[in-house]
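Asks: With these hints in hand, go ahead and build the complete structure from the sequences.
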Amino acid sequence: MPRIMVVDDEPRICRFVSRALERDGHVVQWVGTGEQALRLADTEEFALVVLDLMLPQLSGIDVLRQMLERRPGQRVLVLSAIGDVAAKVECFASGAVDYLSKPFALAELVARVRIRAAEPARPPSRRWIRAGHVALDLHRRTADLDGRSVQLTQREFVLLSHLMRRADQVCGREELLTDVWGHAFDAASNVVDVYVRRLRTKLGADSIETIRNVGYSFVTG
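Take 1 as the starting number for the sequence shown in the UniProt record's numbering and just add one per residue.
Simulated from the structure, these hints should not be mistaken for lab results.
Don't take every hint at face value.
Computed beta-carbon distance windows for the label pairs [unchecked claim]:
1) L58 x D84: 14 to 24 Å
2) E209 x R12: 48 to 58 Å
3) L106 x R140: 27 to 37 Å
4) Q36 x V170: 19 to 29 Å
5) D206 x I115: 42 to 52 Å
6) L58 x F16: 20 to 30 Å
7) R23 x T201: 49 to 59 Å
8) I115 x F16: 19 to 29 Å
The beta carbon of each residue, even a glycine, is placed where N, CA and C say it ideally should be.
Replies: Structure (structure tokens):
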């Protein structure tokens, strides 16, 4: 039977989820902290880890990154009250295979776990994005420009990773608003332009090209 680890600091939720998964034929072990989850993952095999982001001390996103550094093929489903697009993008970029926002339908969670736990072993998740003179470490959330560390905010990192994945292609403003900010701003907002200016300040004025009346393109040449 597939073994599942549930990581959540709320015992009521852990018991609720564990009982449902056990009824579906899984063997479940739950822990309440990120440190416990990492120790357990170091010594035992799990078909899937169900991970909450809002954990005490070591955050869920840090647990996700460290777990996949130690065990690159581990499948992780994030279960969290943080439902905005930026958080989802960050988790998927860090290697999560699925993301379900709280509150959730128990039947949906059970169905997702059943599918994810039955999938074949994953190849190691992609860790680096490199384009031009910039390298992004998706696990550590760090950026290097010609070998020099560049400090980025979370939103700057997500925006830059989106642009670099489509280097030398055009990304429209509305596309960036949707994928990076999740419709948190209307189409008339200049928030994309503001963040692009910040990235240019840190990476160089020619790093991102403006495509008039359309959007932006990360330049590699």
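Asks: Taking the hints in turn, state whether each one holds.
Replies: A quick look at each hint next to the structure:
no., hint, verdict
1, L58 x D84: 14 to 24 Å, "21 Å, holds"
2, E209 x R12: 48 to 58 Å, "52 Å, holds"
3, L106 x R140: 27 to 37 Å, "35 Å, holds"
4, Q36 x V170: 19 to 29 Å, "46 Å, violated"
5, D206 x I115: 42 to 52 Å, "45 Å, holds"
6, L58 x F16: 20 to 30 Å, "23 Å, holds"
7, R23 x T201: 49 to 59 Å, "54 Å, holds"
8, I115 x F16: 19 to 29 Å, "20 Å, holds"
Violated hints amount to a single one, hint 4; each of the other numbered hints is respected by the structure.
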